[in-house]
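Chain by chain, the residues:
Protein chains: 2
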Amino acid sequence: MADTIQRPTPTTVPSKPDTDTGPVALDGVTTPPRINVATLGRQLLGTWADVRIAARELSARPDMQGIPGLSMAEHRTRVFGQLKVLADNGHVLRAFPTYLGGADDHGGNIAGFEELVIADPSLQIKGGVQWGLFGAAVLHLGTTVHHDKYLPDIMNLTVPGAFAMTEIGHGSDVASIGTTATFDPETDEFVIHTPFRAAWKDYLGNAAKDGIAAVLFAKLITQGVNHGVHAFYLPIRDETGAFLPGIGGEDDGLKGGLNGIDNGRLHFDHVRIPRENLLNRYGDVTADGTYTSSISSPGRRFFTMLGTLVQGRVSLDGAATAASALALTIAVTYGNQRRQFTAGSPVDEEVILDYQRHQRRLLPRLATTYAQTFAHDEFLVKFDDVFSGKADTDADRQDLETLAAALKPLSTWHALDTLQEAREACGGAGFMAANRLVGLRADLDVYATFEGDNNVLLQLVAKRLLTDYSRKFAKADAGALARYVVQQAAGRAYSGSGLRSLGQLMTDRGSTARSVGALRDTEVQRELLTDRVETMIADVAGKLRAATKLPKKEAADLFNAHQNELIEAARAHAELLQWESFTRALEKTDDAGTKQVLTWLRNLFGLGLVEKNLAWYLINGRLSAKRAQAVTAYIDRLIARIRPHAQDLVDAFGYTQDHLRAPIASGIERERQNEAREYYADLRASGHAPREEKASKK
Amino acid sequence: MADTIQRPTPTTVPSKPDTDTGPVALDGVTTPPRINVATLGRQLLGTWADVRIAARELSARPDMQGIPGLSMAEHRTRVFGQLKVLADNGHVLRAFPTYLGGADDHGGNIAGFEELVIADPSLQIKGGVQWGLFGAAVLHLGTTVHHDKYLPDIMNLTVPGAFAMTEIGHGSDVASIGTTATFDPETDEFVIHTPFRAAWKDYLGNAAKDGIAAVLFAKLITQGVNHGVHAFYLPIRDETGAFLPGIGGEDDGLKGGLNGIDNGRLHFDHVRIPRENLLNRYGDVTADGTYTSSISSPGRRFFTMLGTLVQGRVSLDGAATAASALALTIAVTYGNQRRQFTAGSPVDEEVILDYQRHQRRLLPRLATTYAQTFAHDEFLVKFDDVFSGKADTDADRQDLETLAAALKPLSTWHALDTLQEAREACGGAGFMAANRLVGLRADLDVYATFEGDNNVLLQLVAKRLLTDYSRKFAKADAGALARYVVQQAAGRAYSGSGLRSLGQLMTDRGSTARSVGALRDTEVQRELLTDRVETMIADVAGKLRAATKLPKKEAADLFNAHQNELIEAARAHAELLQWESFTRALEKTDDAGTKQVLTWLRNLFGLGLVEKNLAWYLINGRLSAKRAQAVTAYIDRLIARIRPHAQDLVDAFGYTQDHLRAPIASGIERERQNEAREYYADLRASGHAPREEKASKK
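Protein sequences appear in the order of chains Y and L.
In terms of this note's numbering, the first sequence opens at residue 740 and continues consecutively.
In terms of this note's numbering, the second sequence opens at residue 740 and continues consecutively.
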């Protein structure tokens, strides 16, 4: 590696956050607040705090952790061994039926499971394949006979299995998979077949090596009719580890990360399985080949079946958020100890987190991670309500799926972004595998495209928003839409000055402080964020209205011409959901000092969203130029105010050295810095310090 | 790995780029232009085309390429072996003196060297350590005696060496390193010493294993005076590979990437070396301990010495751009073959690059990569002019360093961003190591912080811009500044409507087409981009003016409060440089069809920069709301027009299958898709296709 070649930069020092309140005393604070780290930590742990604590104890065990630099084969062996520990202690079996040794506890199961990312993402995801996908498919798509027959061996890992859904030719389009399961009434069997190369199952965990069975997704064909995608239980390997007759496969080999998991490919040549192997909760075939289902619409049946597997997305949202918290704990701790460049003093170098740019890099990401943490807990409660049956109407399930499709993309992208920024903020030390950041980033990379490609998921959210929007007007009288259109047009009429209402323009002619005062108001932030989502959706809906009357091809073209806008609207919606969760969490925060700092952090999150989309607010007349400038100015001030609390805010995540396992966050950097400072102080005191050339010339 | 669970999305199809010209026929084009891939390819190869072609032939050799999944030890051994091939064929020795077997060819040397990134970034960087840092330091900081004594063995790899500059406690602040070299006139030796742990040299390539010598940077102390950082030649290991007495070290172990390089740490306990081992081109010590230098200012001397090593940054800019081009070649090729979801047709699935979002993800990054390619060639010419002596005044050298500090951050960040987007755009296949993207991303990660942390480099650029700005006014009469300030204030007065000049507001009341017409004008783009840089710098300069009269601490605080703004101004400056290079390249493009498409691509790059900073243009009254909206609308149109040329644009980069080595870009995906489509077509024709459940119910 080439070494850094760098010149010193002159004047850069810490701003004085707690006295720098500007012309007016913002928020009326005169003495700096203090965070109660213990109570905040408890709040961050959320609804299943005890489960999380137990899972973190497990993740702190060295034998459960990843070791950088293992070969792929060694890593796979290690993770499989760790999986057995998980099976034995039952931590990951909470979602299974109580009568089989589980706890019927869906929310707690995910809460504990996702904390495993801290030990090793390969362990988390391999566990997810076994119990969250393979086992969960038997649980949710099978019936009692399947539960009794298969679940005990799946739970105790006697039968490791693959979740054979994805095909190389149809990653995110499950409805179009090519594998067929054709019923043969002569033998009372299904014939599983791969008709072409693109229909090979691919990227399946447990398929390359460990799996001896699979839940296979194929199109069920009986009596000449294709009933769409169904799930089947299928043994794939014999006791020697060889593929059963008619089954073939390949090892996916090395991946960008998660190399503790044996991903692979499978293909089938007229493989016969008994009729009973159809996981028949939502669709069944009688001995004579008659298809029956409790759900008459094939489309609704497909969505219902896939909907039972939403927990994958739930857990990725939580795991990605945990990884972000870990990364920020490492980077903030290091940034508080590392010194670089003198600025305000001739001898003392500055702590790097005192540089404004360094704060700008880490603190907004910390605010987002807080928002995600609170949003995830609410998401998990919703998930638990649906899966426990507390609230599981069709509408509840649809809401849950939309929530999953909204939150998972944002948190998985945020994790990649945060891990990278944290890595760079730690410089060369951040690039060392020992300091964890590069390994976590490599592992989490694929979270952005598995369990649903992030862009595809956001498009689903957008479609839901469009549907809701059109329903709203379907219910209202015809006049409502007309009035709406007139209002929109009226809004446009002001576009010369870019202002929807002249009122704000007048108000804003006041001081910056007055603008700032408004921006920190919860209702103002809510209004800004909500209005943007609603307006974006209304705009696109208006543009797409013509599609219903167009031929299929033209309608598709029209839709495609607005795809990017739609996805951005979905993102805005998801960000609003996170902001609302953060805001509700604030209401539950009792300690005054903690509440004050969290309020700044929530404002940083909310105004950060506004700043990111400032052009939209200006173009659409929601903010005047003056107020738009105040957004950035206020963010700068918020960051300076939050900076002294940065360490408390990351400490509250509750990760210990056993979880961090990053030497740079261990205090070693402070020791080194102190040793150097003492050396120079002693040298100066001794009188033997060499003179500087410049000084010696004078 | 969990599998993707996804619902089908309905209507999404390709827009019709070449007929969708909106209300007016943009650019007057009626038939689609064609790119001449061969001549465009030649233009992209740039000034040292033949050298690049030769280096690409070398990079296409399997024995010179990286193999995913090697252990760290195997990878190191392989790369060291490849380094010997490089030494033997002389490709990487062009910069050394002709009389020693080099070619005194500095530009060509870098052009060939940076193409090695395509074979294996570890090979590129390990070669960079040996010849671009260790050898180049002897060349540029040493004198003839050092050249004759050391360079032959460095060139032929008999003496692998480390470039021992960076210390664990002072990554980007080289002036503050702690290692000392104290002259002892009694023995005519320098005593090299590491006074504390933070002064250990760290992250040094060749230090963990292969290096038997080093160029060491230490503070030269003689006669009780510290003359600042100087370079020394120092043997570190004996013929058995053991450290020489007084020298110790450690292996850095596994890194996030570049694991073919043996990075390590070194420390020194009063190690004595002869006086002659000082690389004495810019500073020397006589036998009695008298220090002499041709450069009297210690600060200028330091910058001059480090300035001779700028080539590292030059080559990273080129290598990062090459990696981006490779990534886009893979992703665009795959995006043109892969099909997913039906939209406009009931049976044919869409090619994914026909989705607007997919285009939005890849094509703007392609435009940036083109801009960088052209900018890099001009940068390399400038570098060659300075190092060949064609134009090497102090001003030339400063310009070159500023250019390096501006371009290297943008291109290295762009490479990470592009590699990640390309990886996600290829879905699960992109995560497979065999398809190259994850490995390249892991390797290039550290490019963002080595050879100068990107944020620190941009701050250097900002300071240069501030200096230039203040010089401009120092030369002008006092009245010029006053007038300038008045103009600024006048600009502010319009901030109620956010418009600097009412003229634009009036013009913009016309149609969208009129606004678009202006945006595609080269001069309008230049004005928008230039004005932003100048205004940002003028704004910050105004805010920092008070600093000169403040005490050191307060001045530092003031500077720090604007650090983020400064760095953003530097980024804007660097982007403008790239845009100017792209624009000059357009003037050199003869083929009319190629020129047309490149003009769209340049417009996409330029307007992409404007769109990214749209809020700034609105707040500062440079664009009306109406014209700002036109920016995004026009970008959408440009992307649709460029889309049919995407494959030609990546093919013109000239990378063959031997360079890509990514199965997904080999045509295998098209084969799979065609096989599946034929299967279904045959099935439909046979009359034996199963009926759909929905249809069978009717």
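No lab work stands behind these hints: they were computed from the structure.
Since this is a predicted model, take the numbers as computed values, not measurements.
Backbone N, C-alpha and C define an ideal beta-carbon position, used for all residues, glycine too.
There may be inaccurate statements among the hints.
Claimed, not checked - Chain Y stretches covered by chain L per the calculated footprint, using a threshold of three residues with CB under 8 Å from any CB of chain L:
#1 777-791
#2 900-911
#3 974-985
#4 992-1001
#5 1057-1063
#6 1323-1334
#7 1403-1417
Stated by the list, open to error - The calculated DSS-like cross-link candidates involving lysine-lysine, where the alpha carbons are at most 25 Å apart (straight line), are:
#8 K1291(Y) with K1433(L)
#9 K1433(Y) with K1351(L)
#10 K1282(L) with K1292(Y)
#11 K1282(L) with K1433(Y)
#12 K1211(L) with K958(Y)
#13 K1436(Y) with K958(L)
#14 K888(L) with K958(L)
#15 K1291(Y) with K1334(L)
#16 K1202(L) with K1292(L)
#17 K1351(L) with K1436(L)
#18 K1211(L) with K1334(L)
#19 K1211(L) with K1351(Y)
#20 K1433(L) with K1433(Y)
#21 K1433(L) with K1288(Y)
#22 K888(L) with K1202(Y)
#23 K1327(L) with K1211(L)
#24 K1433(L) with K1436(Y)
#25 K948(L) with K888(L)
#26 K1202(L) with K1433(Y)
#27 K1433(Y) with K1292(L)
#28 K1288(Y) with K1211(Y)
#29 K958(Y) with K1433(L)
What the hints assert, rightly or not - Have a look at the derived ranges for each label pair, beta carbon to beta carbon:
#30 E978(L) with I1407(Y): 51 to 61 Å
#31 T1287(Y) with D1207(L): 33 to 43 Å
#32 G820(L) with Q1137(Y): 19 to 29 Å
#33 P984(L) with I1407(Y): 39 to 49 Å
#34 R1423(Y) with T1287(L): 20 to 30 Å
#35 A1026(L) with H1427(Y): 20 to 30 Å
#36 H1427(Y) with P1013(L): 51 to 61 Å
#37 D923(Y) with G820(L): 57 to 67 Å
#38 P984(Y) with E1414(L): 19 to 29 Å
Evaluated hints:
1. 777-791: violated (count 0)
2. 900-911: holds (count 9)
3. 974-985: violated (count 0)
4. 992-1001: holds (count 7)
5. 1057-1063: violated (count 0)
6. 1323-1334: Since three or more residues must qualify, the claim that chain L covers the segment 1323-1334 of chain Y is violated, with 0 doing so at under 8 Å.
7. 1403-1417: Answer holds; 5 residues pass the 8 Å Cβ test.
8. K1291(Y) with K1433(L): Given pair K1291(Y), K1433(L) holds - Cα atoms ~19 Å apart, limit 25 Å.
9. K1433(Y) with K1351(L): Violated. K1433(Y) to K1351(L) sits at ~46 Å, over the 25 Å cutoff.
10. K1282(L) with K1292(Y): Outside the cut-off at roughly 57 Å; violated.
11. K1282(L) with K1433(Y): violated, 31 Å
12. K1211(L) with K958(Y): The hint is violated at about 74 Å.
13. K1436(Y) with K958(L): holds, 17 Å
14. K888(L) with K958(L): Holds, at about 24 Å.
15. K1291(Y) with K1334(L): violated, 36 Å
16. K1202(L) with K1292(L): Measuring from Cα to Cα gives roughly 18 Å; hence the hint holds.
17. K1351(L) with K1436(L): Violated. K1351(L) to K1436(L) sits at ~52 Å, over the 25 Å cutoff.
18. K1211(L) with K1334(L): violated, 37 Å
19. K1211(L) with K1351(Y): violated, 34 Å
20. K1433(L) with K1433(Y): violated, 88 Å
21. K1433(L) with K1288(Y): holds, 23 Å
22. K888(L) with K1202(Y): Judged against 25 Å, a Cα distance of about 72 Å means the pair is violated.
23. K1327(L) with K1211(L): violated, 32 Å
24. K1433(L) with K1436(Y): violated, 93 Å
25. K948(L) with K888(L): holds, 23 Å
26. K1202(L) with K1433(Y): holds, 23 Å
27. K1433(Y) with K1292(L): holds, 22 Å
28. K1288(Y) with K1211(Y): holds, 20 Å
29. K958(Y) with K1433(L): Holds, at roughly 14 Å.
30. E978(L) with I1407(Y): 51 to 61 Å: violated, 35 Å
31. T1287(Y) with D1207(L): 33 to 43 Å: violated, 59 Å
32. G820(L) with Q1137(Y): 19 to 29 Å: violated, 59 Å
33. P984(L) with I1407(Y): 39 to 49 Å: Check failed, 28 Å falls outside 39 to 49 Å.
34. R1423(Y) with T1287(L): 20 to 30 Å: Cβ of R1423(Y) to Cβ of T1287(L): about 28 Å, so the range 20 to 30 Å holds.
35. A1026(L) with H1427(Y): 20 to 30 Å: holds, 24 Å
36. H1427(Y) with P1013(L): 51 to 61 Å: Roughly 25 Å apart at Cβ, these two residues miss the hinted range, so it is violated.
37. D923(Y) with G820(L): 57 to 67 Å: The hinted range 57 to 67 Å holds for D923(Y) and G820(L), with Cβ atoms some 58 Å apart.
38. P984(Y) with E1414(L): 19 to 29 Å: Holds, at about 24 Å.
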